[in-house]
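Participant: Each chain is listed here by its residues.
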Amino acid sequence: MEKRLAEFKAAGIQPVAISVDAPGVSLNLANKSGYTFPILSDPDAAVIRQYHLLHPAGAPDAHDIARPAEFLVDSSKIVRWTNFTEDIRVRARADEMLAAARQLR
Amino acid sequence: MPDLTERRSNLAPWWGLLLALGAIGCNVVLFVGASAQSAMPLLSLVFAMVAIVFLVIGLKRAFGLPQIYRGKVLSVVLTVVALLPVALTAFAFVVSRKLPTSTAAPQVGQKVPDFSLADTSGKAVTLDQLLSASSGTPAHKAVLLIFYRGYW
Numbered sequence: 120m121e122k123r124l125a126e127f128k129a130a131g132i133q134p135v136a137i138s139v140d141a142p143g144v145s146l147n148l149a150n151k152s153g154y155t156f157p158i159l160s161d162p163d164a165a166v167i168r169q170y171h172l173l174h175p176a177g178a179p180d181a182h183d184i185a186r187p188a189e190f191l192v193d194s195s196k197i198v199r200w201t202n203f204t205e206d207i208r209v210r211a212r213a214d215e216m217l218a219a220a221r222q223l224r
Numbered sequence: 011m012p013d014l015t016e017r018r019s020n021l022a023p024w025w026g027l028l029l030a031l032g033a034i035g036c037n038v039v040l041f042v043g044a045s046a047q048s049a050m051p052l053l054s055l056v057f058a059m060v061a062i063v064f065l066v067i068g069l070k071r072a073f074g075l076p077q078i079y080r081g082k083v084l085s086v087v088l089t090v091v092a093l094l095p096v097a098l099t100a101f102a103f104v105v106s107r108k109l110p111t112s113t114a115a116p117q118v119g120q121k122v123p124d125f126s127l128a129d130t131s132g133k134a135v136t137l138d139q140l141l142s143a144s145s146g147t148p149a150h151k152a153v154l155l156i157f158y159r160g161y162w
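So the protein sequences, as listed, match chains R and H. Using our numbering, you'd call the opening residue of the first sequence number 120 and step up by one each time. Using our numbering, you'd call the opening residue of the second sequence number 11 and step up by one each time.
Warning: the hint list may mix true and false statements.
Stretch by stretch, here's where chain H covers chain R in the computed footprint (C-beta under 8 angstroms, at least three residues) [to be verified]:
#1 188-195
#2 198-210
One side only, chain H facing chain R, incomplete, derived with CB under 10 angstroms [stated by the list, open to error]:
#3 S19
#4 L21
#5 A49
#6 P76
#7 Q77
#8 V105
#9 Q120
#10 D129
#11 T130
#12 H150
#13 L155
#14 F157
#15 G160
Derived by calculation from the structure, the hints in this document are not laboratory data. Beta carbons are placed, not taken as given, at the ideal position from N, Cα and C, and that holds for glycine.
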């Protein structure tokens, strides 16, 4: 993801990651992985619920978390592309997301 | 009297073990980021199932045709060893796919809800801010919202 960040920027796309992790946890992830895009914290899963992405008791310690999902949202906040994996081991590929991003005018 | 020196070795349990390990080995594509990663879950399951077939064949040969095949003890040992990766593969397949369908989630053409969430420094960030111009760069054409499980 980070490796392709320049390509996302060139396409005018801002990647944003969202999970229930606390800001401190996300900061560790960002530092460890060198991520420079925003990583947002939704500890109560309020926004995750609003987006109907709650995976109840999905965490190893049975906390509520987000099911993995990606949305390309244009400047009018309209969804232009989505991806909902059926298997947590299969993640969205950067080239798929870039292809969707480049189709936006 | 039949000639017992002509008994054949029973390779089926070895193939079973190899395939069972191959089922686990399929996981490497997830880490190298191969484009085949979407096929990995099913592929590993197929490996595990074919492994079971070979293990069953191996046991049937060893116990059903002892006059032809050697290795009763070995076939049992290999089967027990191979069943661990087979069970792991089956378990991972079920657990990894136990996801809500999220049919009510925003679909293409729909408007997404606004939000305000803390970034890594604890500062609140809204969807509008993410879409608008940041210092020195023009307004973004779009944002890519990536919801992830966390707990890494």
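Participant: State the violated hints by number, sorted upward, taking the hints as numbered earlier in the document.
Facilitator: Of the numbered hints given earlier, those the structure breaks are 3, 4, 6 and 7, listed in rising order.
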